[in-house]
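The primary structure of each chain is shown beneath.
Number of protein chains: 6
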Amino acid sequence: MPYVNIKVTRERSGPVTPEQKAELIKGVTDLLKNVLNKNPATTVVVIDEVEMDNWGIGGLPAEEYRAFVASQKK
Amino acid sequence: MPYVNIKVTRERSGPVTPEQKAELIKGVTDLLKNVLNKNPATTVVVIDEVEMDNWGIGGLPAEEYRAFVASQKK
Amino acid sequence: MPYVNIKVTRERSGPVTPEQKAELIKGVTDLLKNVLNKNPATTVVVIDEVEMDNWGIGGLPAEEYRAFVASQKK
Amino acid sequence: MPYVNIKVTRERSGPVTPEQKAELIKGVTDLLKNVLNKNPATTVVVIDEVEMDNWGIGGLPAEEYRAFVASQKK
Amino acid sequence: MPYVNIKVTRERSGPVTPEQKAELIKGVTDLLKNVLNKNPATTVVVIDEVEMDNWGIGGLPAEEYRAFVASQKK
Amino acid sequence: MPYVNIKVTRERSGPVTPEQKAELIKGVTDLLKNVLNKNPATTVVVIDEVEMDNWGIGGLPAEEYRAFVASQKK
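Chains as they are written, first to last, in the UniProt record's numbering: chain A, 1 to 74; chain B, 1 to 74; chain C, 1 to 74; chain D, 1 to 74; chain E, 1 to 74; chain F, 1 to 74.
The hints are simulated quantities; they were obtained by calculation from the structure and are not laboratory data.
Errors might be hidden in some of the hints.
Where chains are identical, the list cannot tell them apart; a pair therefore holds if satisfied intra-copy or between any two copies.
Calculated pairs, EDC-like style, for lysine to aspartate or glutamate (alpha carbon to alpha carbon, straight line, at most 16 Å) [to be verified]:
#, residue 1, residue 2
1, Lys73, Glu19
2, Lys38, Glu23
3, Lys26, Glu63
4, Lys38, Glu11
5, Lys38, Glu49
6, Lys73, Asp30
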């Protein structure tokens, strides 16, 4: 009876599609069945799409961080 | 000083109403007072309404799961 | 198919007992059935007992905060 | 490689601005570096703005609670 | 840069092994790369093992729930 | 009335000390007061120390990831 929460950024190129969400739900439920023999019937998955402004890494909002990393690679 | 997070699906028949949210907040705060003698003044409750597509159970998105369960009962 | 997470401090007077945990689980599951007609069979509740040092309020660890509040009342 | 989740109410006076979010992300990342020497490059921060109706304290929705506290002070 | 939290019960037959945890971490990181093209380098996974008493489903602690379901099948 | 959850790895060199936890609690409470004018009296902070085996990044458990990164720098 696992509970899984997946948080991803909502990309400006478009939201996660219902098909992709279904793949995530199936994939992680299968993983828990295969690795720990957990019952899919009581495996709950919740996906959160988080606005880009609300995600930080490296001390910066996500998009600034990506621009910074890209600039370092030049 | 408990913290409670309640996640429910946002049903297509309509969102959770402010009155229902107030009932959940009061109900769970009372429960923690009655069972553990927790102080309501520092009991925090956060409710998340989760889009149907973002909720999975049984390896399927919630609505597909419900349709599957309903089909099994016939 | 709600998911509820209840976080409470682990008091030095003793941990939450299994009986109290069962009361919390039953109470919040009933609440969601009564208020939102949610199915108990797919209502998941997870209780976290948090060490006193790991809980802060008012900018202070929980026990210091309680001592401060008690001192103010004198 | 810390993970920090900050939940605040979305005030009716207006949402948290991108600049304020950037300040929160920088501030908490710096704090973890200063106190625990955590690497900013792998410090993740997620901010959730929560609708006022979805936040409870003192057994009441947040705005009712504030009105109650204000009335007590008169 | 996803964040994934996996909560599972700590079974009395034994805790999740480090090898199983590594499989969960690799599996869910690969899933996010395959489905959403997320960068593994910034994909964070946190696993929580939850004591059986602290997990509820169907309004009952997990072990009582399992015993109940088993009794129904007879 | 914010809620902040800080998750950090429990390092093998030793746990986070009560003094460090108090610094984190004060630091993040001050940050929310300074940036968003949030009331410290209703700001709740919960710190989770996560076992090294339970934390993954880059598709690996945290310690393997660190060893991998260190090996790349040589």
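Hint-by-hint comparison with the structure:
no.	hint	result
1	Lys73 x Glu19	neither (34 Å within a copy, 26 Å between copies)
2	Lys38 x Glu23	between (18 Å within a copy, 14 Å between copies)
3	Lys26 x Glu63	between (29 Å within a copy, 14 Å between copies)
4	Lys38 x Glu11	between (32 Å within a copy, 11 Å between copies)
5	Lys38 x Glu49	between (26 Å within a copy, 13 Å between copies)
6	Lys73 x Asp30	neither (37 Å within a copy, 24 Å between copies)
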